[in-house]
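I would like the entire structure built from these sequences, with the hints used as guidance.
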Amino acid sequence: MSEEIKNFLYLNRRAPYGTIYAWESLEVVLIGAAFDQKVSLAFVDDGVFQIVKGQKTEQIGMKNFSPTYSALGDYDVNQLYVERESLEERGLTVDDLMHLTWEDEDEDWAEKDSIRVVSRAEMAEIITQQDVVFSF
Amino acid sequence: MKFAIQINEGPYQHQASDSAYLFTRTALEKGHEIFRVFFYHDGVGNGTRLTTPPQDDRHIVNRWAELAEKYGLDLVVCVAAAQRRGLVDDGEAERNGKDATNIHPKFRISGLGQLIEAAVQSDRLVVFGD
Chain S
1 MSEEIKNFLY LNRRAPYGTI YAWESLEVVL IGAAFDQKVS LAFVDDGVFQ IVKGQKTEQI
61 GMKNFSPTYS ALGDYDVNQL YVERESLEER GLTVDDLMHL TWEDEDEDWA EKDSIRVVSR
121 AEMAEIITQQ DVVFSF
Chain R
1 MKFAIQINEG PYQHQASDSA YLFTRTALEK GHEIFRVFFY HDGVGNGTRL TTPPQDDRHI
61 VNRWAELAEK YGLDLVVCVA AAQRRGLVDD GEAERNGKDA TNIHPKFRIS GLGQLIEAAV
121 QSDRLVVFGD
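Note that the protein sequences, when read in sequence, are chains S and R.
The opening residue of the first sequence carries number 1 in our numbering; numbering runs sequentially from there.
The opening residue of the second sequence carries number 1 in our numbering; numbering runs sequentially from there.
Don't take every hint at face value.
Heads up, simulated SDA-like pairs for lysine to any residue below, C-alpha to C-alpha not over 25 angstroms straight-line [what the hints assert, rightly or not]:
id	chain 1	residue 1	chain 2	residue 2
1	S	Lys63	R	Gly113
2	R	Lys2	S	Ile5
3	S	Lys53	S	Ile5
The set of hints was computed from the structure by calculation and includes no laboratory data.
Just so you know, these numbers come straight off a predicted model, no measurement behind them.
Written out as structure tokens, the structure is:
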């Protein structure tokens with residue numbers, strides 16, 4: 001929709017439930033995907049809980065929106081950076097996260113991992129490379 | 001410089017809208033351009049004309065409206081966030097069968113695409129919130 005292409009980073013800092021930030025952030029990502037920008041997502045602090053697998057929300061009466069993350073690959077949103085220190089501080093490893101993938105049409109639709117675990121220092125570098133940072 | 005402003009918190013409860021207002025007013029006074037102010041999450045509460053603070057307090061909603069009047073600011077409230085939180089204009093009232101509206105006439109309700117567009121078109125997106 002615009003001739004200009006920018007690097008967009010959605011910085012997810014909060015747990016998926018308890019507040020609506022994570023869910024409404026995802027709504028921006030899905031709408032923004034129509035704008036042909038270069039999009040990445042970052043998960044830091046309690047934000048890493050957003051992509052933990054096996055989420056169950058029946059008992060808190062809220063919609064479990066975590067399956068939506070699996071659809072991001074279909075929207076060409078396939079750069080998901082997860083901060084290693086944030087995982088470790090919460091006793092999590094990459095094995096606790098959903099297996100999020102995308103299909104690379106340039107390589108015969110090969111299935112590739114969307115998640116990349118990066119250090120805090122690398123995350124800082126990734127953030128500085130962006131044109132736009134949406135902080136949620 | 002051209003700025004886009006995003007406000008993620010409601011008025012009075014949180015300072016985000018106050019800080020955004022002071023930033024926006026100062027930027028305009030210094031000759032910068034504000035492409036759009038976009039209200040998201042509980043920030044949509046900054047757009048209700050029914051707000052009635054005590055007389056010795058600042059009127060956050062009217063203050064935004066006066067700035068919009070003076071500088072032709074585009075104050076946009078996210079439709080999805082507004083629907084959840086009961087902020088209604090004529091169109092929304094008709095579509096959703098509501099018996100009242102509460103949006104301030106200097107604000108308008110529109111989609112998230114307005115936020116993305118603002119980020120694309122501006123030199124900087126400045127986000128106010130927690």
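Hints versus structure:
| no. | hint | verdict |
| --- | --- | --- |
| 1 | Lys63/S / Gly113/R | 24 angstroms, holds |
| 2 | Lys2/R / Ile5/S | 17 angstroms, holds |
| 3 | Lys53/S / Ile5/S | 33 angstroms, violated |
In terms of the numbered hints stated before, the structure departs from hint 3 and from no other.
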